[in-house]
Amino acid sequence: MSEETSSNLLDRVFGQKFKAALPWVFLAYVLLSIYPIVKFFIPEHYMRIGTFGFYTVSDIKKENPAAYRKYLQENNQQMYRMFSQLASQEILKKEASAKGVPVDELTKFGRGYEPVQDEVVAAYNQFKNEPGLKGKPLAAVQDEIVKYLKAVQADRERQSFFGRMREEYNTEIIGPELPPPTRVAIDASENPTIGPSDAKVTIVEFSDFECPYCAMSQTTTKALREQYKDKIKWVFRDFPMDFHRNAMFAHVAANCSIPQGKYWQYNSLLFENGRKLEKGNVIRLAQQVGLDMGAFNRCIADEDKIKSEIEADLQAGQSYGVNGTPAFFINGILVEGNMPIQNFTKIIDEELKNN
Numbered sequence: 018m019s020e021e022t023s024s025n026l027l028d029r030v031f032g033q034k035f036k037a038a039l040p041w042v043f044l045a046y047v048l049l050s051i052y053p054i055v056k057f058f059i060p061e062h063y064m065r066i067g068t069f070g071f072y073t074v075s076d077i078k079k080e081n082p083a084a085y086r087k088y089l090q091e092n093n094q095q096m097y098r099m100f101s102q103l104a105s106q107e108i109l110k111k112e113a114s115a116k117g118v119p120v121d122e123l124t125k126f127g128r129g130y131e132p133v134q135d136e137v138v139a140a141y142n143q144f145k146n147e148p149g150l151k152g153k154p155l156a157a158v159q160d161e162i163v164k165y166l167k168a169v170q171a172d173r174e175r176q177s178f179f180g181r182m183r184e185e186y187n188t189e190i191i192g193p194e195l196p197p198p199t200r201v202a203i204d205a206s207e208n209p210t211i212g213p214s215d216a217k218v219t220i221v222e223f224s225d226f227e228c229p230y231c232a233m234s235q236t237t238t239k240a241l242r243e244q245y246k247d248k249i250k251w252v253f254r255d256f257p258m259d260f261h262r263n264a265m266f267a268h269v270a271a272n273c274s275i276p277q278g279k280y281w282q283y284n285s286l287l288f289e290n291g292r293k294l295e296k297g298n299v300i301r302l303a304q305q306v307g308l309d310m311g312a313f314n315r316c317i318a319d320e321d322k323i324k325s326e327i328e329a330d331l332q333a334g335q336s337y338g339v340n341g342t343p344a345f346f347i348n349g350i351l352v353e354g355n356m357p358i359q360n361f362t363k364i365i366d367e368e369l370k371n372n
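Per our numbering, residue 18 is the first one in the sequence shown, and the count goes up by one each step.
Mixed in with the good hints, there may be bad ones.
As the list claims (entries may be wrong) - Listed below are the simulated DSS-like cross-link pairs for lysine-lysine, each with C-alpha atoms no more than 30 Å apart in a straight line:
| hint | residue 1 | residue 2 |
| --- | --- | --- |
| 1 | LYS279 | LYS153 |
| 2 | LYS110 | LYS324 |
| 3 | LYS111 | LYS324 |
| 4 | LYS293 | LYS111 |
| 5 | LYS167 | LYS110 |
| 6 | LYS111 | LYS125 |
| 7 | LYS322 | LYS293 |
| 8 | LYS164 | LYS153 |
| 9 | LYS250 | LYS279 |
| 10 | LYS110 | LYS164 |
| 11 | LYS324 | LYS296 |
| 12 | LYS110 | LYS125 |
| 13 | LYS239 | LYS78 |
| 14 | LYS250 | LYS116 |
| 15 | LYS164 | LYS125 |
| 16 | LYS363 | LYS87 |
| 17 | LYS279 | LYS217 |
| 18 | LYS296 | LYS322 |
| 19 | LYS217 | LYS239 |
| 20 | LYS239 | LYS164 |
| 21 | LYS250 | LYS153 |
| 22 | LYS246 | LYS125 |
| 23 | LYS87 | LYS248 |
| 24 | LYS246 | LYS296 |
| 25 | LYS125 | LYS167 |
| 26 | LYS79 | LYS363 |
| 27 | LYS153 | LYS167 |
| 28 | LYS116 | LYS145 |
| 29 | LYS217 | LYS250 |
| 30 | LYS248 | LYS370 |
| 31 | LYS145 | LYS239 |
| 32 | LYS116 | LYS153 |
| 33 | LYS324 | LYS78 |
| 34 | LYS279 | LYS167 |
| 35 | LYS363 | LYS250 |
| 36 | LYS246 | LYS370 |
| 37 | LYS167 | LYS363 |
| 38 | LYS250 | LYS151 |
| 39 | LYS87 | LYS279 |
It should be emphasised that the hints constitute simulated quantities derived from the structure, not laboratory data.
Given these sequences and hints, build the entire structure.
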């Protein structure tokens, strides 16, 4: 018997229908094979407009480099925070092992601290007009204030401990190199300042006393000033948003405390009372901080002059790209919003190292 051709063999074994389907089977195989290849070369995020436009991240990089850099920076900052948390966990394990103690033994921050009565009274006077304390005598809230002061002390010790440990264990978090940051040249101006004029790092804060995110960010700003001390210069600039109806007068009042050398104390009180900045309460807070009310009231009477200075800050901020509050410029590098402290320390540390 003569040898069968492959075609005849297929016909006999599988039939004509299978033979007719072979091209479709082959096409399906090609499509399934090409998908992972296409997926490899096409980014996860892309945009299609009808049938005429296909855009990838590279188009954003080309057309809007500032937005692209911000995306990379935010991604890097998120990774930095996660690595930072991991570093704390691993350092704790290593330190606990070296000392031969449980990890929990190293994290009992604030133990042994007992606030003295003067501290309790000072905290009560600072917060007695807050909704939780208003109208209550000191004796009724003494335990609550002591608990708060212990929590603040524990937080300070926690930050100090991990700062020391990361330095001791030579911790370094390295990420992909970013495009050079866009630096804004901030003009020198007469604004309230903390820190030496020749500090390597200058942080300019544009903020609004009635902005809740600005109030929340004050915990971070105070921690940064405490951590870096005379290594940084901190400048506060007024940026009262027009939809915060009480903000402008609060900023006027704050500026009127500058000649009396009590600006920063008043600044803190205004942020702490950001939800109740009606004119009468702003004036009461001025009394609470110990201002000479005669001089203060005369200054407020010249409100238009102070407002013109505040308007100058607003216009300057807008020219630098400030669209909302809070906004911080670290040697001209913008950090927007109420961000975790690591978003600041990463930039500050790099600036201190490179300047």
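Here is how each hint holds up against the structure:
1. For a cut-off of 30 Å, the pair hint linking LYS279 to LYS153 stands: about 27 Å separates their Cα positions.
2. A C-alpha spacing of about 55 Å is found between LYS110 and LYS324, which places the hinted pair above 30 Å, so the restraint is violated.
3. For the hint pairing LYS111 with LYS324, the CA-to-CA distance comes to about 56 Å; that exceeds 30 Å, so the pair is violated.
4. This hinted pair does not check out: LYS293 and LYS111 have alpha carbons roughly 48 Å apart, beyond 30 Å.
5. Taken as a hint, the LYS167 and LYS110 pair is honoured in the structure, with Cα atoms around 25 Å apart against an allowance of 30 Å.
6. Between LYS111 and LYS125 the CA atoms are separated by roughly 17 Å; this keeps the pair inside 30 Å, and the hint holds.
7. A distance of roughly 25 Å separates the Cα atoms of LYS322 and LYS293; the hinted pair therefore holds under the 30 Å criterion.
8. At roughly 17 Å between alpha-carbon atoms, LYS164 and LYS153 fall within 30 Å of each other, so this suggested pair holds.
9. Pair hint LYS250 plus LYS279 holds up; C-alpha atoms about 18 Å apart against a cutoff of 30 Å.
10. Straight-line distance between C-alpha atoms of LYS110 and LYS164 comes to about 28 Å, which keeps the hinted pair within the 30 Å bound.
11. The straight-line distance between the Cα atoms of LYS324 and LYS296 is roughly 15 Å, inside the 30 Å bound, and the hint therefore holds.
12. Annotation: proposed proximity of LYS110 to LYS125 holds, straight-line Cα distance about 15 Å (limit 30 Å).
13. Of the supplied pair hints, the one linking LYS239 and LYS78 is violated, its CA atoms being roughly 36 Å apart against a limit of 30 Å.
14. Distance hint between LYS250 and LYS116 is unfulfilled; the C-alpha atoms sit about 38 Å from each other, more than 30 Å.
15. For the proposed pair LYS164 and LYS125, the alpha carbon gap of about 15 Å is at most 30 Å, so the pair holds.
16. A C-alpha spacing of about 15 Å is found between LYS363 and LYS87, which places the hinted pair at or below 30 Å, so the restraint holds.
17. Proximity of LYS279 to LYS217 is assessed by CA-CA distance (about 26 Å); at most 30 Å being required, the pair is judged to hold.
18. A C-alpha spacing of about 18 Å is found between LYS296 and LYS322, which places the hinted pair at or below 30 Å, so the restraint holds.
19. For the suggested pair LYS217 and LYS239, the alpha carbons sit about 18 Å apart, so the restraint of at most 30 Å is met.
20. Taken as a hint, the LYS239 and LYS164 pair is honoured in the structure, with Cα atoms around 20 Å apart against an allowance of 30 Å.
21. Proposed proximity of LYS250 and LYS153 is contradicted: the alpha carbons are some 39 Å apart, above 30 Å.
22. A C-alpha spacing of about 26 Å is found between LYS246 and LYS125, which places the hinted pair at or below 30 Å, so the restraint holds.
23. A threshold of 30 Å between alpha carbons decides the hint, and for LYS87 with LYS248 the separation of about 26 Å falls inside it, so the pair holds.
24. Pair hint LYS246 plus LYS296 does not hold up; C-alpha atoms about 34 Å apart against a cutoff of 30 Å.
25. Restraint check for LYS125 and LYS167: the C-alpha separation of about 12 Å stays at or below 30 Å, so the hint holds.
26. A distance of roughly 27 Å separates the Cα atoms of LYS79 and LYS363; the hinted pair therefore holds under the 30 Å criterion.
27. Simply put, LYS153 and LYS167 have alpha-carbon atoms about 21 Å apart, close enough for the 30 Å limit, and the pair holds.
28. A C-alpha spacing of about 44 Å is found between LYS116 and LYS145, which places the hinted pair above 30 Å, so the restraint is violated.
29. Distance hint between LYS217 and LYS250 is fulfilled; the C-alpha atoms sit about 8 Å from each other, no more than 30 Å.
30. Using a Cα cut-off of 30 Å, the hinted pair LYS248 and LYS370 holds, with the two alpha carbons roughly 11 Å apart.
31. The hinted pair formed by LYS145 and LYS239 meets the criterion: a straight-line CA distance of about 21 Å does not exceed 30 Å.
32. With a CA separation close to 46 Å, the supplied pair LYS116 and LYS153 exceeds the 30 Å bound.
33. Of the pairs offered as hints, the one joining LYS324 and LYS78 is violated, with about 40 Å between alpha carbons and a cut-off of 30 Å exceeded.
34. For the proposed pair LYS279 and LYS167, the alpha carbon gap of about 27 Å is at most 30 Å, so the pair holds.
35. Proposed proximity of LYS363 and LYS250 is supported: the alpha carbons are some 17 Å apart, at most 30 Å.
36. This hinted pair checks out: LYS246 and LYS370 have alpha carbons roughly 16 Å apart, not beyond 30 Å.
37. Between LYS167 and LYS363, the direct Cα distance comes to roughly 28 Å. Compliance with the 30 Å bound is thereby established for this hinted pair.
38. With a C-alpha separation of about 36 Å, the suggested pair LYS250 and LYS151 falls outside the 30 Å cut-off, and the hint is violated.
39. Using a Cα cut-off of 30 Å, the hinted pair LYS87 and LYS279 is violated, with the two alpha carbons roughly 37 Å apart.
Of the hints listed earlier, those the structure fails to meet are numbers 2, 3, 4, 13, 14, 21, 24, 28, 32, 33, 38, 39, in rising order.
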